[in-house]
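Each chain, written out:
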Amino acid sequence: DVKVTQSSRYLVKRTGEKVFLECVQDMDHENMFWYRQDPGLGLRLIYFSYDVKMKEKGDIPEGYSVSREKKERFSLILESASTNQTSMYLCASKRNMIGGEKLFFGSGTQLSVL
Amino acid sequence: GENVEQHPSTLSVQEGDSAVIKCTYSDSASNYFPWYKQELGKGPQLIIDIRSNVGEKKDQRIAVTLNKTAKHFSLHITETQPEDSAVYFCAASPNSGNTPLVFGKGTRLSVIA
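Residue numbers (our numbering), protein chains in the order written: chain A, 1 to 114; chain L, 1001 to 1113.
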C-alpha cells in the first residue's frame, strides 16, 4: 500500500529554534505538499513542490522554507520557531499536478513551540 | 483564486440517520471536487470525488452531488454508523494545470449511538 511517512508524531521545540519536519513517500510521486491544520481554519497550504529542487509558495509561506533534494523526500523548515507556529503539520503527495489526482497524506506532526 | 466555504462546522446525528455537508466554491474554472475524511490521529483520506461532467456519484452509503450553476456540492451519508465520526473536508480544483486543491475548513461529524 502507498505510504507517506512523517518523521515525528509529536515534537516540542523552544522559541527561536530551527526546526526540521521530514516527510518521505514511497510512491515515486512527483508532487509533494506541506499543509498546516488548525482548529476552525482547516487545511492551509504552506509550500508545495512539483519536482526535485522545485518549490512553490502556498497560501501561508511566511516563516517557513522547504527543501526537496530527492524525489521521495520533502522537508519543511522553520528557520526560527515561534509560538504561533504551534500546529499540526501534514505532508501529502500525489503522482503529478494534473487535477483530479488523489492526494495521499501522512499522519501528521503535532508541533508545540514553547 | 478559488475560495471554498463549508457548512456546518460541526454536526451531530443519531446512529442510522443521514448526514449532509455542504460546500460552495467561487471559481467557475474548478471542475474537480473531492471529499476527504480524517479520523482521529490520522491524515485525511479520499473517500469520494466528482467531476463537473457528472451531477451525482454514489459509493455504498456515501453520495456526492454537484450543482455547477449554483457552484455548490454536497456530501450525503446515509444510515450513519459510529465509525463515520470524523472530520470531513471538501475541496475544489481545476482539472488541469498547476493548481493545488483548495480545502474547506472542515466539518466535525459525531454519530451518537
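None of these hints come from the bench; they were simulated from the model.
Owing to the predicted nature of the structure, the values given are computational and were not obtained by experimental measurement.
One should not assume that every hint holds.
As the list claims (entries may be wrong) - Not the full set, but computed from the structure, chain L residues with beta-carbon under 8 Å of chain A:
(1) 1013
(2) 1100
(3) 1101
The beta-carbon is built from N, C-alpha and C at its ideal position, and this holds for glycine as well.
Structure-based check of all given hints:
no. : hint : verdict
1   : 1013 : violated, 21 Å
2   : 1100 : holds, 6 Å
3   : 1101 : holds, 7 Å
Figure legend: structure checked against the earlier numbered hints; the only hint not met is number 1.
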